[in-house]
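Q: Sequence:
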Amino acid sequence: MEMEGLRRFLVALTVAVCVGVVSIASVLVWVLHYREGLAWDGALGEFNWHPVLMVTGFVFLQGIAIIVYRLPWTWQFSKLTVKFVHAGLNLVAFVFAVVSLVAVFDFHNGANIPNMYSLHSWLGLIVVILYCLQLVLGVGMYLIPITPVSWRAAFMPLHVYTGLLLFSSVVAVALMGITEKLIFGLTDPKYKDLPPEAIFVNVLGVLLVVFGSLILWIATRPFWKRPSDQILHNLHTNGGSEDHSRVGPVLSQTSDEPDSEASEDVRRRINK
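For the record, in the sequence shown the residue sitting at position 187 is 187 according to my numbering, with numbers rising by one throughout.
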């Protein structure tokens with residue numbers, strides 16, 4: 001990656017990670033300072049695990065999982081190794097989401113509050129189910145060696161599109177959730193009066209949008225794609241003897257595509 005492109009990537013990555021970490025810290029401040037804290041006793045403290053785990057897992061970890069292929073310092077590892085990291089992060093995000101759902105249902109049942117009545121709950125459950133399906137299909141397609149290469153190549157565009165769609169949906173559903181919580185949770189003063197808690201949580205919502213936008217930007221820039229394993233192997237074995245300083249905006253191959261296409265469509269873009 002040429003130096004200017006690397007600088008832009010590092011700036012985008014640094015800002016995204018910082019915004020994500022601040023988002024996690026903000027949701028913790030929200031539940032610990034403005035709400036009833038964290039607990040697992042069927043009360044409001046148990047419900048508060050829902051926003052904390054959703055922002056930490058379903059938003060932040062899923063976002064990092066999406067761009068893990070684009071981190072240049074992971075390119076020294078094989079594509080299979082990075083696939084396991086990608087799948088592992090998504091699995092942890094899914095576990096966080098499931099635990100957060102258990103907390104919500106447990107709290108609602110204990111407080112005699114109806115379940116699944118809001119649009120937030122409908123879309124949230126749909127996203128979790130589809131995310132589970134995406135995770136299972138991804139493991140079956142790309143981590144099981146017996147899966148035909150033709151199947152992997154055919155499924156890849158749908159896998160990428162669905163992943164980005166689910167991530168965008170998670171951010172949207174999270175915004176719906178925190179707004180719903182403010183409407184029901186703020187009574188005196190009300191949400192419309194814009195008390196300090198409302199302002200603070202609105203800022204949290206803006207941070208989630210910024211984080212999601214940066215992740216989608218990083219994930220959709222062709223120039224920042226991981227080169228094919230064949231190209232990385234050639235660069236490693238050449239020991240930097242060739243001039244790789246000239247880099248063009250190219251689309252890299254996945255490890256499941258033929259090497260002949262890699263030699264035609266992918267130009268070397270790493271300066272060892």
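Since the hints were made in silico from the structure, they are not lab data. Some clues are possibly wrong.
For lysine-lysine, the following PhoX-like pairs were computed, each having C-alpha atoms within a straight-line distance of at most 25 angstroms [as the list claims (entries may be wrong)]:
id : residue 1 : residue 2
1  : K225      : K79
2  : K181      : K192
3  : K192      : K83
Q: Hint by hint, say whether it matches the structure.
A: Now for the hints, and whether the structure bears them out:
Distance check on the hinted pair: K225 and K79 sit about 12 angstroms apart at the alpha-carbon level, within 25 angstroms; holds. For the hint pairing K181 with K192, the CA-to-CA distance comes to about 13 angstroms; that is within 25 angstroms, so the pair holds. Between K192 and K83 the alpha-carbon distance is near 46 angstroms, which puts this suggested pair outside the 25 angstroms criterion.
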